[in-house]
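Taking the hints into account, I'd like the entire structure generated from these sequences.
Protein chains in written order, with our numbering: chain G, 1 to 311; chain V, 1 to 396.
Because the hints were derived from the structure by calculation, they are not lab data.
Note that the structure is a prediction, hence the values are computed from the model and not measured.
Quick reminder that beta carbons are idealized off the backbone N, C-alpha and C, glycines included.
It is possible that some hints are incorrect.
Claimed, not checked - Taking lysine-lysine and the DSS-like style, the derived pairs with C-alpha atoms no more than 27 Å apart in a straight line are:
(1) G:K93 to G:K174
(2) G:K93 to V:K202
(3) G:K5 to G:K291
(4) V:K250 to V:K291
(5) G:K90 to V:K202
(6) G:K5 to G:K237
(7) V:K392 to V:K369
(8) G:K89 to V:K202
(9) V:K319 to V:K367
(10) V:K309 to V:K291
(11) V:K202 to G:K91
(12) G:K272 to G:K262
Claimed, not checked - Only some residues are given here: those of chain V computed to face chain G with a beta carbon under 7 Å:
(13) N26
(14) E57
(15) A70
(16) I208
(17) D286
(18) G362
(19) D365
(20) V368
What the hints assert, rightly or not - Label-pair ranges, simulated between beta-carbon atoms:
(21) G:Q146 to V:A235: 53 to 63 Å
(22) G:Q146 to V:Q193: 49 to 59 Å
(23) G:Q118 to V:K290: 51 to 61 Å
(24) V:Y223 to G:K234: 32 to 42 Å
(25) G:A182 to V:N200: 39 to 49 Å
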Amino acid sequence: MATLKELSKQNELLTGGHRLCSGCGIPPIVRLVLRAAGGPVVATTATGCLEVGTTIYPYTAWRIPWIHSAFENAAATISGIETAYRALKKKGKLPGGDRDIKFIAFGGDGGTYDIGLQALSGALERGHNFLYLCYDNGAYMNTGIQRSSATPFFSNTTTSPAGEVIPGKQEWRKDLTRIVAAHNIPYAAQASPHNWADLSRKAEKALRIQGPTFMNVMSPCPLGWYTKPEDSIKWAKLSVDTCYWPLYEIEDGILKITYKPKEKKPLEEWLKPQGRFKHLLKPENRNLLDKFQARVDLEWQRLLDLDGKRI
Amino acid sequence: MAITMTKGQAGLTGNSAIAYAMKQINPDVCPAYPITPSTAVIEEFASYVADGAVTTELITVESEHSAMSACIGAAAAGARVMTATSSQGLALMWEMLYIASGMRLPIILTDVNRALSAPINIHCDHSDSMGARDSGWIQLYSETVQEAYDNLIQAVRIAEDETVQLPVMVCLDGFITSHAIENITLLSDEEVQGFVGEYNAKTTLLDIDHPVTMGAMSLPENYIDFKFQQSEAIARSKDTVLKVAEDFEKRFGRKYGLFEGYRLEDAEIAIVILNSAAGTTKVAVDELRKKGLKAGLLRPRLFRPFPFKELAEALKDKKAIAVLDRADSMNGFGGPVFNELRSALYDVPKRPKVVSRIYGLGGRDYKVKDAIAVFEELKTIAETGMVDTLQKYITI
Numbered sequence: 001m002a003t004l005k006e007l008s009k010q011n012e013l014l015t016g017g018h019r020l021c022s023g024c025g026i027p028p029i030v031r032l033v034l035r036a037a038g039g040p041v042v043a044t045t046a047t048g049c050l051e052v053g054t055t056i057y058p059y060t061a062w063r064i065p066w067i068h069s070a071f072e073n074a075a076a077t078i079s080g081i082e083t084a085y086r087a088l089k090k091k092g093k094l095p096g097g098d099r100d101i102k103f104i105a106f107g108g109d110g111g112t113y114d115i116g117l118q119a120l121s122g123a124l125e126r127g128h129n130f131l132y133l134c135y136d137n138g139a140y141m142n143t144g145i146q147r148s149s150a151t152p153f154f155s156n157t158t159t160s161p162a163g164e165v166i167p168g169k170q171e172w173r174k175d176l177t178r179i180v181a182a183h184n185i186p187y188a189a190q191a192s193p194h195n196w197a198d199l200s201r202k203a204e205k206a207l208r209i210q211g212p213t214f215m216n217v218m219s220p221c222p223l224g225w226y227t228k229p230e231d232s233i234k235w236a237k238l239s240v241d242t243c244y245w246p247l248y249e250i251e252d253g254i255l256k257i258t259y260k261p262k263e264k265k266p267l268e269e270w271l272k273p274q275g276r277f278k279h280l281l282k283p284e285n286r287n288l289l290d291k292f293q294a295r296v297d298l299e300w301q302r303l304l305d306l307d308g309k310r311i
Numbered sequence: 001m002a003i004t005m006t007k008g009q010a011g012l013t014g015n016s017a018i019a020y021a022m023k024q025i026n027p028d029v030c031p032a033y034p035i036t037p038s039t040a041v042i043e044e045f046a047s048y049v050a051d052g053a054v055t056t057e058l059i060t061v062e063s064e065h066s067a068m069s070a071c072i073g074a075a076a077a078g079a080r081v082m083t084a085t086s087s088q089g090l091a092l093m094w095e096m097l098y099i100a101s102g103m104r105l106p107i108i109l110t111d112v113n114r115a116l117s118a119p120i121n122i123h124c125d126h127s128d129s130m131g132a133r134d135s136g137w138i139q140l141y142s143e144t145v146q147e148a149y150d151n152l153i154q155a156v157r158i159a160e161d162e163t164v165q166l167p168v169m170v171c172l173d174g175f176i177t178s179h180a181i182e183n184i185t186l187l188s189d190e191e192v193q194g195f196v197g198e199y200n201a202k203t204t205l206l207d208i209d210h211p212v213t214m215g216a217m218s219l220p221e222n223y224i225d226f227k228f229q230q231s232e233a234i235a236r237s238k239d240t241v242l243k244v245a246e247d248f249e250k251r252f253g254r255k256y257g258l259f260e261g262y263r264l265e266d267a268e269i270a271i272v273i274l275n276s277a278a279g280t281t282k283v284a285v286d287e288l289r290k291k292g293l294k295a296g297l298l299r300p301r302l303f304r305p306f307p308f309k310e311l312a313e314a315l316k317d318k319k320a321i322a323v324l325d326r327a328d329s330m331n332g333f334g335g336p337v338f339n340e341l342r343s344a345l346y347d348v349p350k351r352p353k354v355v356s357r358i359y360g361l362g363g364r365d366y367k368v369k370d371a372i373a374v375f376e377e378l379k380t381i382a383e384t385g386m387v388d389t390l391q392k393y394i395t396i
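Listed below in structure tokens is the structure:
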């Protein structure tokens with residue numbers, strides 16, 4: 001794997017000057033992943049922050065071939081591209097000659113956990129050679145912070161508002177990484193941009209492995225989390241140190257936790273600075289906070305029990 | 001599936017003929033999802049793939065939405081792409097149909113016409129392709145198995161023409177044409193390959209050295225300009241349809257135009273009707289002609305773009321016209337072909353009377369007697385100059 005110094009000298013495949021918010025987790029994630037490809041790469045992006053923020057016509061931030069077609073179909077679109085690659089390669093019709101090209105589909109949690117789940121499942125089952133990367137910022141941030149199935153427990157969003165009677169989102173988040181792993185694909189992982197080395201290593205592996213691979217990456221969102229842009233990486237780190245967002249990978253069916261915090265931090269430390277959880281800090285909502293902590297503990301224990309095992 | 005041919009003639013169902021044309025075209029990629037009554041197209045094509053009769057990569061996707069999405073991805077990557085569907089499948093593709101045409105991707109789709117739910121029904125009507133009539137796809141309709149086969153081969157050239165660059169939908173009637181065996185004349189593989197030629201996309205995602213961004217967000221500063229270009233392209237595709245048909249006729253002898261007129265020139269009354277029901281109507285025309293009634297038929301082949309000038313020219317001297325639609329616009333004002341045709345006739349000096357008759361929805365039989373009844377109504381309208389009922393359902 002390249003050192004940070006080496007990485008810093010590589011050309012950016014996603015240029016600066018795009019319109020994503022300051023403090024957004026997406027650009028560092030995308031840049032690290034594109035660098036990890038280490039060669040020609042073609043990407044598609046589901047409708048969402050990344051697509052809107054990087055391509056308002058006539059500008060583009062992409063220095064690689066890139067396409068957006070719709071919201072729910074990034075996995076189906078990349079299926080078509082990757083298949084065309086195989087078809088044209090077979091006929092010796094690839095422009096610029098026979099080259100190994102990597103294929104990546106990017107989608108947010110809305111475009112992946114919710115509306116794009118069917119297309120993702122289909123593409124994984126068919127075994128296309130591509131990496132699907134989900135940047136999970138925990139809601140439909142592009143359209144103004146609406147709840148998705150990835151939204152954390154009790155989170156205040158514009159469609160799960162913390163009201164007088166209902167204190168935010170009432171459902172535990174969908175465990176997409178487990179669902180994806182159940183497709184028995186060769187590689188699936190969770191990562192976070194604060195740990196660039198772990199993220200880069202996972203992306204390199206995911207792009208090296210033949211067949212469908214998947215990465216679910218925590219992506220801080222100052223707008224939807226009601227946090228300061230300069231603190232994003234800090235809160236990404238804390239999501240991992242509280243074990244809300246464990247870093248692990250499943251390679252050929254074997255689960256491995258890639259980072260175990262020396263000291264598991266209380267969930268409250270991650271929730272406290274985020275405006276979306278403000279209501280949880282009221283004394284009368286202590287029980288909700290406890291419930292949230294208990295569920296995080298349960299999920300972490302479940303993962304620890306599986307560590308090193310074939311799932 | 002082996003096709004038994006005698007001197008280039010074979011007895012084939014519409015679905016088999018479409019699958020065979022696809023085999024001869026040998027597209028690069030075929031993303032497909034099965035749906036009645038177009039399923040056999042994909043089944044038979046899958047056999048060609050499994051037997052190595054084509055080099056096409058078949059993607060058996062998990063839905064029609066993903067089928068069209070994969071078509072878009074593959075076409076954007078420079079592949080020649082084909083698929084087939086019907087009814088709910090086309091409806092599920094709806095979002096992606098607009099994206100395929102808006103991105104100017106020359107995808108070819110066979111729509112085996114079937115009614116839309118509810119109530120669920122697997123039989124023929126045109127509500128599926130009519131629902132997609134504003135999606136920016138060129139639409140060719142086919143009366144017979146032969147025409148469906150010929151249309152599909154011509155569609156490739158139309159779609160990929162440099163002045164067009166738009167997707168094309170070839171429509172044929174579910175079960176009536178898709179499942180009926182007809183004796184048709186097939187072209188040789190070499191003839192088809194020679195006609196469609198090699199496809200080399202100018203801009204592709206796989207051209208790593210010349211990276212392109214496709215599908216960028218477009219705001220009020222330029223969105224309408226893209227749509228203007230698209231609108232111009234589909235309007236001028238009419239000329240390409242004719243140009244391609246001319247070359248087809250020159251090479252293979254079968255003549256196609258924007259529409260077919262049957263005993264139309266001297267007709268005083270006429271039925272305008274799409275696809276297989278034209279055959280039934282022709283029988284009625286012949287019977288009435290024997291009785292001295294000047295009946296005729298016009299069957300549009302190209303519905304998108306709508307050849308309004310040519311249709312108006314062909315119908316301007318008629319006294320009374322019934323447009324028979326196998327789909328209802330649910331607008332309280334007749335079917336889709338009726339609305340557009342009547343509008344096309346607005347500018348002719350002496351406007352014919354034009355009525356709407358909706359027939360055959362969900363596969364209801366349309367018989368010679370139904371056509372004769374319409375002609376008899378038209379005769380009265382022509383004689384009296386009075387329209388009693390502007391629009392109604394028949395075959396009920």
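We went through each hint and held it up to the structure:
1. G:K93 to G:K174: violated (42 Å)
2. G:K93 to V:K202: holds (12 Å)
3. G:K5 to G:K291: violated (43 Å)
4. V:K250 to V:K291: violated (37 Å)
5. G:K90 to V:K202: holds (19 Å)
6. G:K5 to G:K237: holds (21 Å)
7. V:K392 to V:K369: holds (17 Å)
8. G:K89 to V:K202: This hinted pair holds, its Cα atoms lying about 17 Å apart.
9. V:K319 to V:K367: With Cα atoms ~24 Å apart, K319 of chain V and K367 of chain V stay inside 27 Å; holds.
10. V:K309 to V:K291: Violated: K309 of chain V and K291 of chain V sit about 32 Å apart, past 27 Å.
11. V:K202 to G:K91: holds (17 Å)
12. G:K272 to G:K262: Holds - the C-alpha atoms of K262 of chain G and K272 of chain G are around 21 Å apart, at most 27 Å.
13. N26: violated (10 Å)
14. E57: Status holds, d = 4 Å.
15. A70: A70 of chain V check passes; min Cβ-Cβ to chain G is 3 Å, inside 7 Å.
16. I208: holds (4 Å)
17. D286: violated (48 Å)
18. G362: It is violated, given that the least Cβ distance between G362 of chain V and chain G is near 28 Å, above 7 Å.
19. D365: violated (38 Å)
20. V368: violated (46 Å)
21. G:Q146 to V:A235: 53 to 63 Å: violated (40 Å)
22. G:Q146 to V:Q193: 49 to 59 Å: Because 51 Å falls inside the window, the suggested range holds.
23. G:Q118 to V:K290: 51 to 61 Å: holds (58 Å)
24. V:Y223 to G:K234: 32 to 42 Å: holds (40 Å)
25. G:A182 to V:N200: 39 to 49 Å: Check passed, 42 Å falls within 39 to 49 Å.
When held up to the earlier numbered hints, the structure conflicts with 1, 3, 4, 10, 13, 17, 18, 19, 20 and 21 and fits the remainder.
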